[in-house]
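> Starting from the given sequences, assemble the full structure and let the hints guide the process.
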Amino acid sequence: MRLGRYKLTIQYDGSAFFGWQLQIKERTVQGVIEKAVQKISGSDSRIPIHGAGRTDTGVHAMGQVAHVDLETRLDEKDLKNALNGNLPLECRIMDVEKVNDDFQARFDATKRHYQYQCFTGDSILYKNQAWHLTNMNFHRLNQLASHIVGDHDFLSLSKFRDDLDHTRCIIYKSEWKSDGKMVIFHITGNRFLHHMVRYLVGTMVAVAEERFSEEEFLSLLKNPLKDVQIFKAPAQGLILVQVDYE
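Under the working numbering, the sequence shown has 183 at position 176, and the numbering climbs by one with no breaks.
Calculated lysine-lysine pairs in the DSSO-like style (CA-CA distance at most 30 Å, straight line):
{"no.": "1", "residue 1": "Lys134", "residue 2": "Lys184"}
{"no.": "2", "residue 1": "Lys134", "residue 2": "Lys118"}
{"no.": "3", "residue 1": "Lys239", "residue 2": "Lys166"}
{"no.": "4", "residue 1": "Lys239", "residue 2": "Lys180"}
{"no.": "5", "residue 1": "Lys188", "residue 2": "Lys134"}
{"no.": "6", "residue 1": "Lys229", "residue 2": "Lys166"}
{"no.": "7", "residue 1": "Lys239", "residue 2": "Lys184"}
{"no.": "8", "residue 1": "Lys42", "residue 2": "Lys118"}
{"no.": "9", "residue 1": "Lys180", "residue 2": "Lys118"}
{"no.": "10", "residue 1": "Lys87", "residue 2": "Lys46"}
{"no.": "11", "residue 1": "Lys14", "residue 2": "Lys84"}
{"no.": "12", "residue 1": "Lys87", "residue 2": "Lys105"}
{"no.": "13", "residue 1": "Lys84", "residue 2": "Lys105"}
{"no.": "14", "residue 1": "Lys87", "residue 2": "Lys32"}
{"no.": "15", "residue 1": "Lys14", "residue 2": "Lys42"}
{"no.": "16", "residue 1": "Lys180", "residue 2": "Lys233"}
{"no.": "17", "residue 1": "Lys87", "residue 2": "Lys14"}
{"no.": "18", "residue 1": "Lys180", "residue 2": "Lys229"}
{"no.": "19", "residue 1": "Lys42", "residue 2": "Lys32"}
{"no.": "20", "residue 1": "Lys46", "residue 2": "Lys84"}
{"no.": "21", "residue 1": "Lys118", "residue 2": "Lys105"}
{"no.": "22", "residue 1": "Lys180", "residue 2": "Lys166"}
{"no.": "23", "residue 1": "Lys84", "residue 2": "Lys42"}
{"no.": "24", "residue 1": "Lys239", "residue 2": "Lys229"}
{"no.": "25", "residue 1": "Lys32", "residue 2": "Lys14"}
No wet-lab data here; the hints were simulated from the structure.
Shown next as structure tokens:
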């Protein structure tokens, strides 16, 4: 058997996990996948998987991507089935692809697509998949979202980390769409900072509800400051939809 690198496309219900990143005492997405990989490989030691990004506790994914180096005789289809046979129902491998040995799930990504779901109805079915709000000013939200497109410094709209080289991101798409009582914010960018989408959504909603001014919101984009006290949407509405590669 020859060691090969495999690209995994992953879907998971974030409410069942303490985020993506491996933790010793908590159930995480990375943890359950690594456990499945180790079991089907028969290895006595950990085989790490490397994700395109780290999602927080309660955040979901329809198209998270990771890579893993693995010795196996299984083809992609059988490897996918073997992994899913050893994973909990809250986490599914949607696709397995053999890739070049230099492929990097995180560093080779060119775009990331997120959506944030807000539900204005009374159904309890969305309690773990949406932020429940009584009403939303859809037109106002889209006016605000249009200002996010472009190359901006999102220092004010993220959780500060001193290990980052810079806090600029290029946003290609930023818009709200309504589907009945579900109102969804769609955003695509080359990269995203920690809690950035949740801060953007929470602050736009605060402006739409007249708890924060548009001028203050725009100032966060034009005059970035560290550790600004603003509004953060809850985790359960956020979904990593897709990661793009060349």
